[in-house]
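Undergrad: Chains as they are written, first to last, in this note's numbering: chain A, 1 to 579; chain B, 1 to 231.
I should point out that these hints are in silico values taken from the structure, not numbers from a laboratory. Check the hints yourself; a few may be wrong.
[Unchecked claim] Footprint (simulated), chain A over chain B, 3 or more residues, beta carbon under 8 Å:
#, region
1, 91-103
2, 139-151
[Claimed, not checked] So these bits of chain A aren't anywhere near chain B, every CB distance computed over 10 Å:
#, residue
3, Leu184
4, Val450
5, Gly496
[Unchecked claim] One-sided and incomplete, this derived list gives chain B residues near chain A with beta-carbon spacing under 8 Å:
#, residue
6, Phe59
7, Leu73
8, Gln218
9, Lys220
Please read all numbers here as calculations on a predicted model, not as lab measurements. Just so you know, even glycine gets a beta-carbon here, dropped at the ideal spot from N, CA and C.
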Amino acid sequence: MGFQIKEQDKKYDVCIVGSGAGGGMAAKILAEAGLSVAVLEAGGDFDPAKEEYRTQLRYPWESPRRGANTQRAFGDFDAAWGGWEIDGEPYTRADGTQFDWFRSRMLGGRTNHWGRISLRFGPNDFKRKDQDGLGDNWPIGYDDVKPYYDKVDKLIGVFGSKEGIYNEPDGFFLPPPKPRLHELFVKKGAQKAKVPVIPSRLSILTRKINAERGVCFFCAQCNRACQVYADFSSSTCLVKPAMQKGRVELYTHAMVREVITNDSGLATGVIYIDKKDLKDYRIGAKVVVLAASACETARIMLNSKSKTHPNGLSNSSGVLGRYLHDSTGTDRMAVLPDLIDRPRYNEDGVGGLHVYSPWWLDNKKLDFPRGYHLEYWGGMGMPSYGFGFGMDTMRQYITDQFGKPTPNGGYGASLKNDVRRIYGATVGMSGRGESVPQYDNYCEIDPNTVDKYGIPVLKFHYKWTEYEVKQSKHMHDTFEKILTGMGAIILGNKPGVETQYGLAAPGRIIHEVGTARMGDDAKTSVLNKYAQGHECKNLFVVDGGSFVSQADKNPTWTILALSWRTSEYIIDQLNKQNL
Amino acid sequence: MDRRENLKVLLSGTVATGFLLSTGCGPDETKISENLIKGYGRTPDEILLDQKLNSELFFSENEKKMVTILANLIIPKDEKSGSATDAGVPDFIEFMMKDYPKFQVPMRGGLMWLDNLSKKTFDKPFSDIPSEHHVELIDKIAWPDTATPEMQYGVKFFNLIRNLTCTGFFTTKIGFDDLGYVGNRPNQWDGVPTDVLEKYGLSYDQNTLDVCLKIEDQQKIAQWDDKGNLI
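Just chain A, same shape as in the assembly (with noise of 0.2 Å):
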């Protein structure tokens, strides 16, 4: 490790810490007003279109594991260059408690395998204070940011359909595809259970909105990343057209550990690990934006202290690191006896659900504050590592001809053929749901460890509360009334209270946001409304480490938005020069 730091010779108007959907939003409105931007990304440079980078449209057996996850979390075809797990960058959690953190180490961060599923919060996802008493509300509510999701829509593109559901607010939508086999049958079954099912609103281009972004070809492998860019990644629709229009230079393997501020408590650049040659070296920039991810960003700034800033980077107020909450998460699986012998067609569709039912329900009349939605999954995709597996307990549920059950397990040219005939007869569903904000869970910096850069790493605190775990019994109730009435026979049994309803570890559903959350009042939060620091003005955090409730909605199309508001409020204020 060199002693001295090294001075790029380059300043630039802005940095960008991470490239990610905040970081390729704030890069891309930034360079096109005519600013100089540095993009740092912690990974490797990556473009689906590249021959080399390409996992899109290859077959298992191209994979000596048949695409197993015994290497990467989501299986070896899936863009994510990471996982729970980083060799060298480890992360800690306190006795008693839970937290995995999912990092994508590559250009474009998580956006090049997320499951593209892009939601705008409604008017009461904001204020969520006002209905149940719990958490606070956001210092903006829905009206604030609805000007930028509608850009986002029209910019990247996203299909759905108009429903004039309150909470569920409707954008500029593509047109849907059609619903597959089996979501016809969970229409039905939700019919009964009296739980709505719409078209998915995905960010995936079932129409051409530009010329240089292809369309859907229905491969169903958004989460491989699209070589022709018919899905949103940060990497193949903001950063890369952005340093092709713009001054934008990307830095790769450039791992930060901290900004770096003056006497007077202002930003002037960050230092960052080379992860090649592992030397330090200084960015000297105007304005720093942090888009690292929410927990990464609250490392970096735990980690920037100074005499101005001693409890880390806009941090009087000791909530940075504060109130870390992911959604919450369960699932159930079933077997479809219609389904079984179904005749074959290609029904790969787009990447991922063509339906799904938004939250429907009053928490008024329930016994747990916060909704969810309800997502899934079935149909005859494309067999991987897995596929086979279980006839030794699903077996039964095949029966021949005269209607007799098959035994469980066996071998031979019976079993053979009663893997074909159970293909594509089983479906699932899946809850995702909201959680309420606590204090207590968080991260802070671990004072006995560092990663293999010499960097402090985060311990991470965190413990669903009954809300939660009350959630996921409803969540599990819903299941088993929708799976009931479309005829589906329920595999497993249904998880109990020692599983806390089946409830995932925080962090598994990788919806990760709060630990810098803005606020009017400097005290209780990290960033004002425009996401720009309490204490440092030219600091700014465009990941969702500035959410201060995440609804029962995936984030992505929240923090583009806020990264786009956010980006204009940064060029305004260097205009007035403010910054």
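Chain A is already provided as a structure; the job is to place chain B on it using the hints.
TA: The following block gives chain B in isolation, referenced to the frame of chain A:
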């Protein structure tokens, strides 16, 4: 060039076999490396890992024989497609042992347990008994719901090898052709085929038809009015 840089060059596909032949690899290693040159979107570290795993051998000769016999009993050739061996299942299982080390003890122990059962029953190792005896033995462990308590070790083992054999078979070209999987290629999804809908007594309601994508519009650049209606 260091090893990693070599691999980067290989990934870009510019040097290819000339380099490999000059490194003095044996024929088998060359074959493996050629597969890797083709690549499947790996990072340099992942390429090194695949190479390492491919260069190691887990199964003994006897174990590999047993795995091959069992795999072909689980997925035999039939009128529709070939056997587990035809689809390369034993090699796939060999790879998975190294790729997921938690498989190693249950697999090795299970094979040994079965070999022991064979020796006790027929006084010969499993690989040396005739196929009717193979069937006699695995009938004791292949049916989880009716197996006797003392056979539970075997049941667990057989579940594992059944899983790996089924998945190993159906994730190959032979397996895809057998299943009739026709995706993983550019397509135009315009809903479930009409005859299939009719078979299940289902249909798309008018609202769905009105709202959903008209495939012929895909290439038309989308435009909206102020209220978000497509025009």
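Undergrad: Hey, is Leu184 (chain A) genuinely clear of chain B, shortest beta carbon separation above 10 Å?
TA: violated, 5 Å
Undergrad: Using the nearest Cβ pair, does Phe59 (chain B) come within less than 8 Å of chain A?
TA: Given a least distance of 15 Å, the restraint on Phe59 (chain B) is violated.
Undergrad: Find the nearest Cβ of chain B to the Cβ of Val450 (chain A) and say whether that gap is larger than 10 Å.
TA: holds, 21 Å
Undergrad: Under the criterion of a CB-CB separation shorter than 8 Å, is Leu73 (chain B) in contact with chain A as hinted?
TA: holds, 5 Å
Undergrad: Does Gly496 (chain A) clear chain B by more than 10 Å, comparing its Cβ with all Cβ atoms of that chain?
TA: Its Cβ never comes within 10 Å of chain B, the nearest being 24 Å, so this holds.
Undergrad: Hey, does the Gln218 (chain B) contact hint survive, CB to chain A under 8 Å?
TA: Holds: closest Cβ of chain A sits about 5 Å from Gln218 (chain B), inside 8 Å.
Undergrad: Take the region 139-151 of chain B, compare each residue's beta carbon with every beta carbon of chain A, and decide whether three or more fall closer than 8 Å.
TA: holds (count 5)
Undergrad: Quick one, is the Lys220 (chain B) hint okay against chain A at 8 Å, beta carbons?
TA: The hint holds - Lys220 (chain B) has a Cβ within 8 Å of chain A, the shortest such distance being about 6 Å.
Undergrad: With a C-beta cutoff of 8 Å, work out whether three or more residues of the region 91-103 of chain B approach chain A closely enough for the coverage to hold.
TA: Coverage by chain A holds here, the residue count being 5 at a Cβ distance below 8 Å.
Comparing the model with each earlier hint shows violations of hints 3, 6; every other hint is respected.
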